[in-house]
Amino acid sequence: MSSKTLHIVEADVIVVGSGGAGSEAAIHAKQNGAKVLILDRGTFGRSGATITAGHTCTAAVGDDDTPELHFRDTVIGGYCIADQRLVELYAREAPECLYELDGWGDGKTLRKNENGKFDLVWPPGGHSRKRSVHYGFLTGPRILWALRREIDRKRVPWMENILVTSLLVEGGRVAGVTGLDWKTGKFIVFKSKAVILAAGGFAGLWPSRLNTTAVECAGDVHGMAFEAGAEMVDMEFVQFIPAQVDPRITHINVTLTNFPAWRPNIREHGKFLNAEGMEFMGKYDDARRWNTTRDILALAIYNEVTAGRGSPHGGCYIDLTSVPKDVIDYEFNKFQGGKSIPKSYLRRCESVGFDLSREPMETGVKAHFTGGGLRTSVDMMSTIEGLYAAGETQGGVHGANRLGGNALTHVLTLGRVAGREAAAFASKTSHVSFPKKKVDAEHRRIVRWMENKYKTGESPVRIRQRMQEIMWQKVGILRNEKDLKAALDWFAEAKNERLQKARVGSSPRTFNLEWATAIILPHQLDTCMLVARAALERTESRGNHHRDDCQAIDNEHWLKNVYLWRTGTGSVSSRTEPVHVTTVDPKRVIDERPDITV
Amino acid sequence: MNDRTLRFKVYRRDPGARETEGRFQEYTVPWWEGIKLLDGLRYIQEEVDYSLAVRWSCRIEDCRTCQMRVNGKVVLSCQVPLEDNMVVEPVPRYRLIRDLVVEFGEKMESSEYAKNEFEI
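Residue numbers (the numbering used here), protein chains in the order written: chain A, -2 to 595; chain B, 264 to 383.
Some hints here could point you the wrong way.
[As the list claims (entries may be wrong)] Label pairs and their calculated CB-CB ranges:
#1 B:312 <-> A:276: 45 to 51 Å
#2 B:285 <-> A:567: 43 to 49 Å
#3 A:567 <-> B:296: 44 to 50 Å
#4 B:284 <-> A:149: 32 to 38 Å
#5 A:582 <-> B:312: 55 to 61 Å
#6 B:283 <-> A:455: 32 to 38 Å
#7 A:93 <-> B:346: 48 to 54 Å
#8 A:554 <-> B:296: 45 to 51 Å
#9 B:296 <-> A:578: 47 to 53 Å
#10 A:114 <-> B:283: 56 to 62 Å
Rather than coming from a laboratory, the hints here were simulated on the basis of the structure.
Note that the Cβ used here is the ideal one computed from N, Cα and C, for glycine as well.
When you get a sec, could you build the whole thing from the sequences and use the hints?
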């Protein structure tokens, strides 16, 4: 393509994604003097998984709580393989981050008690203190609302409907990104000194009906960063979570199916049953039962269903029919507060003819949160100079399982660190030379799909559907060597053969979902490969990673993380490193807390 | 399996291809228990007509980007059960990108229907 027709946009720091992490990063980069630009593939301020966060955001702000305790709970909850340097940083900065966020919404972002302090409630299983800050069931939307206000106030520029297609790296340093403008079909080059990838996780690699994430979290950015040379960590850890499988209520937030487990009032009267009417959680975690950590709950449901004790749509039952009416009304209505509560769960359920005080709720498991991602140091820089990762795109923060409520805290807190650090980096560096050849090659890769060279061919949409089914069947909750190897073969064949012969049949150049699928699919297939490969490497079961051919946790050999990167020849290499420890000695935790070794 | 189907009309127009007039295209999709309008539109995009432009994000009523006009009334398509004879159009007052997809831009925040129901 000639340089005349090339659209170039320049900034110091490009932020990819406008959810919790991206917004925090952009605000703090701007505050620290950088010329920032946010790119979002969807609708600005509306896309990504932050908005889906129903309820809790944890921080050590209670009188009986400290960042050290939050840190310790998180490390133990992650089966001792989270990067303790990152956990320490976020537990320490979380209170300050939330006070700042509260200020951006004029002190009304998050709910307060009568003393004007954050109204604290119990978080989901695994936390030892009451540390959930919230805004009823609208915590995620509310946080985005406050971030949006600050972005407007600080006049942080943004562009929406921009699909980032590749990372530009020159001589080991980031030079910017390329993007496709969905509104016009134009190819745009974004030159920058630093790039912050805050584009969400990869739960979108599982079928839509079996994941709970937003559509933007398609998992392509991980493959894109891997291709550019970034090292990935913890890719095997995918959190599956109890979620509605009753098709009438699948549009209702996953909080509905998780909330009862950790609200003492509901738990006291409610039941969690399999299809035979048995309360089965005692078999899996006798001490905590229904209020156990998410990994154990998900595996338990999965086991009951596979053993033939599941509900018609493949789940178990949350039975709240014997919970007193006033408790139901308080928990699912009034707790959300406000004079009018059109989004209360009771009302949302009513609107589709489901009454949770009369019928049990079918609850299965879906891919929810992904713990793996780009390896970063404590300044959030990846292994590529100038490339930062924040939020769910970043790996290593939660270890083998994420505690409920820690996601918002992580993405907001480390997002602001990434913004700060990227601005500092940009202030002392200059733009690297423009990788013209790479830009041309990427442009060709994108437009070739619209040239319709082939008259016939499979649509990339079909390949993606198949990919998602394989992720569920072979790289799902319960894994084994044979399935993982078969999946790896399939991903390689799909990328190297099927996709090469595929054809985009639809011709519009604006908002063409088939074209977009073709563009991101090779990166998605790479991310699938990384998940399967990491899962194959880890020959034990820990947290969210379960192998039915290596069922036990192996603390002797596996207090380690799996790192994957692309070699010069394009193949994938792996290595393990002992977990990064600061103050919590995993060996001592295991001696003190034998329950986490079960 | 069941043989029940649902038939409804979807607005199509590509301003990028200089189409000045929109038209309605009729589609038939299989019925399933609990099927929402967004499910039907996504079924069309993935199984019947790859070129249909439709926008969604969270699928759980929070992001509000799947809003569209059904029989003249603005709704969230992830929430509304799909019914026979629905007439589906893009939301008014925004610039049309294609079919059911509009450019929300700055206007999103001031749109009455985009607001989450916060009590402040």
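Structure-based check of all given hints:
1. Restraint check, residue 312 (chain B) to residue 276 (chain A): a C-beta distance of roughly 47 Å satisfies the suggested window 45 to 51 Å.
2. For the pair residue 285 (chain B) and residue 567 (chain A), the beta carbons lie near 46 Å from each other, so the given range of 43 to 49 Å is met.
3. Evaluation of the 44 to 50 Å hint for residue 567 (chain A) and residue 296 (chain B) yields a pass: the beta carbon distance comes to about 46 Å.
4. Here the CB-CB span from residue 284 (chain B) to residue 149 (chain A) is close to 37 Å, well matched to the stated 32 to 38 Å.
5. For the pair residue 582 (chain A) and residue 312 (chain B), the beta carbons lie near 59 Å from each other, so the given range of 55 to 61 Å is met.
6. In this structure, residue 283 (chain B) and residue 455 (chain A) meet the distance hint of 32 to 38 Å, their C-beta atoms being roughly 34 Å apart.
7. Remark: the range hint 48 to 54 Å for residue 93 (chain A) to residue 346 (chain B) is upheld by a beta-carbon distance near 50 Å.
8. Evaluation of the 45 to 51 Å hint for residue 554 (chain A) and residue 296 (chain B) yields a pass: the beta carbon distance comes to about 47 Å.
9. The supplied range of 47 to 53 Å is met by residue 296 (chain B) and residue 578 (chain A), whose beta-carbon atoms lie about 50 Å from each other.
10. Between residue 114 (chain A) and residue 283 (chain B) the Cβ separation comes to about 59 Å, which falls inside the hinted range of 56 to 62 Å.
Consistency note: the structure conflicts with none of the earlier hints.
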